[in-house]
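Residue numbers (numbering that gives the first Met the number 0), protein chains in the order written: chain X, 0 to 495; chain H, 0 to 85.
Just so you know, these hints were derived from the structure itself, not from any lab.
Each residue gets a CB set at the ideal place from its N, CA and C atoms; glycine is no exception.
Hints are not guaranteed to be accurate.
Label-pair ranges, simulated between beta-carbon atoms [said to hold, decoys possible]: (1) H:Ala74 / X:Ala353: 27 to 35 angstroms; (2) H:Phe69 / X:Ala353: 29 to 37 angstroms; (3) X:Glu293 / H:Gln48: 17 to 25 angstroms; (4) H:Ala62 / X:Ala353: 26 to 34 angstroms; (5) X:Asp285 / H:Gln48: 54 to 62 angstroms; (6) X:Glu19 / H:Tyr23: 51 to 59 angstroms; (7) H:Ala65 / X:Ala322: 20 to 28 angstroms; (8) H:Ala46 / X:Ser208: 55 to 63 angstroms.
Simulated crosslink set (DSS-like; lysine-lysine; CA at most 27 angstroms straight-line) [to be verified]: (9) H:Lys76 / X:Lys414; (10) H:Lys76 / X:Lys337; (11) X:Lys414 / X:Lys356.
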Amino acid sequence: MAELWELPAEAIAAAVRGGEATAVEVVESCLGRLRRVDPLIGAYLVVLEDEARRRATAIDADRRAGRALGPLAGVPVALKDNLCLTGSQVTCASRILEGYVAPYTATAVERLIAAGAIPIGKTNLDEFAMGSSCENSAFFPTRNPWDLAMVPGGSSGGSAAAVAAGTAPLALGSDTGGSIRQPAALSGVVGVKPSYGRVSRYGLVAFASSLDQIGPLARNVRDAALLLGAIAGPDPHDATAAERPVDDYLAGIEGGVRGLRIGTVREVDTEGLAADVRRNWRGVCDTLSRLGAELVEVSVPALPAAIAIYYVVANSEASANLARFDGVRYGKRAAGQKDLLGLYLGSRSAGFGAEVKRRIMLGTFALSSGYYEAYYGRARGVLEAMRRQLADAFSRVDLLATPTSPTGAFALGEKVDDPLTMYLSDIFTVPANLAGLPGVAVPSGLDDRGLPLSLQLLARPFDESTALRAARAFEAATAWQAKPSFRGAPAGAAPD
Amino acid sequence: MARLRLTPEEETRFVAQLGRVVDYIDQLRDYPTAEATAQPVADREAADQAAPCLPREDFLRNAPEAMGAFLLVPAVKGAEGEGDDG
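Whole structure, please, built from the sequences with the hints as guidance.
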């Protein structure tokens, strides 16, 4: 019989509601798995053992008392450590926020808890969500559960690895340029970047405010849909959270792709796909056709410029958002500074890591007088052209399909000194953020090294339902199982 | 503007790395642009009314240094003498 930690979130919640398992048993099962595998991968910055047990006990008491339980009753959820939970740390994997304790809870997290979910820990990330490998964490890198010499992707690498390794059936991440979908792809799990405005960002530490979204990571599409349904919707605390009703994402999810028009983007093939990724991609297209979708080639000529646009727009916003970390109100303060400017310079220089410094400098450069039009203005102009190209494509198709990442997982250390090459691993995920579209990453098989590859489906704004439905049909046709092998683990340490 | 103080080693490394990134970004000159239409970022405007915020004692719990009900900082103008760099 399957252990509780192996079950999908949907099955766990049903078992807890039905009394076949207690929330305490579920939490203990996940904590046991976590103790076994997390020393190998380093997905968690902190494990909330006592708090998780307390919440589980309360849920079990509610059930015994006959009170109604929520759709995520007893389901452990890992939270990226840039999301606030009252009384817990929020480091953003940065020295500058070491010791900071959240004085309030993010709306998305509050909704999860209200639905019966149990936060089990805070997961590692690239510092301030800036990176694609989880190596930019100030504390330690996270490793890929499929191969410990490989990165899990980033920036939500801890959340992706935590879910892939079976320590929690669900996790929350944040996605500014692919930070949910790319680690989901490299770690062999499902990741969803909701439409801009679908999920409140209240309580998410801001990176690039015109692009950031919170979203689910899960081991299957139905669980991702369940989680999205629990966190989506308007919020008085976030004026960018859209005032529109939330679909029932599970209602039509088994509807298949027959009759859907799915656009394949011509420019994808020119963007350096490895031979095994290209082979997998052709198989993906064949599968979607076989399932009854009509594949239509579309063109997004600005796609090759997506990374250049992104690094100007996102970093300009980041340089403004990160101005608040100056050693005055919270976070690290440099000792022995004689004046206020020295305090700012000393605190920021000691508190931020190399990638954050690079991005702040790039952003302030792009916004500076004399360069603003040439960089920020130009990037906004090409971005608008790309938005129109995407809107034109969506006038002819229901979904767009691309590989989620141009490669499978890469080795730890391989790209860390070459920021530009690292940035290019987000080439297919960035357009969804730039245009505010929802995107779903779903495993599509293995590369020649036995590491996961992934299909990305993009939909029109607020049409998450169609993307999830197609992802579910694809998943069912490929019979994918997220069972990483922990290759490279010392003899005797590799879990079953 | 970035309010960062770099070591000589960082400066050498970042100049090379950021030079490559800026060269890469320069490809945007080769792409056509379109006029951005005004898009409201917020779905609605927040009501202009006072509401409770984080209690001061909760806020100050994360402060690096406080004195009574206030944040404590060094002199606004002092040894570095750079003044406000904007």
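The hints, checked one at a time:
no.	hint	result
1	H:Ala74 / X:Ala353: 27 to 35 angstroms	holds, 31 angstroms
2	H:Phe69 / X:Ala353: 29 to 37 angstroms	holds, 34 angstroms
3	X:Glu293 / H:Gln48: 17 to 25 angstroms	violated, 52 angstroms
4	H:Ala62 / X:Ala353: 26 to 34 angstroms	holds, 27 angstroms
5	X:Asp285 / H:Gln48: 54 to 62 angstroms	holds, 58 angstroms
6	X:Glu19 / H:Tyr23: 51 to 59 angstroms	holds, 55 angstroms
7	H:Ala65 / X:Ala322: 20 to 28 angstroms	holds, 21 angstroms
8	H:Ala46 / X:Ser208: 55 to 63 angstroms	violated, 20 angstroms
9	H:Lys76 / X:Lys414	violated, 42 angstroms
10	H:Lys76 / X:Lys337	holds, 9 angstroms
11	X:Lys414 / X:Lys356	holds, 17 angstroms
Against the hints set out earlier in the document, violations occur for numbers 3, 8 and 9.
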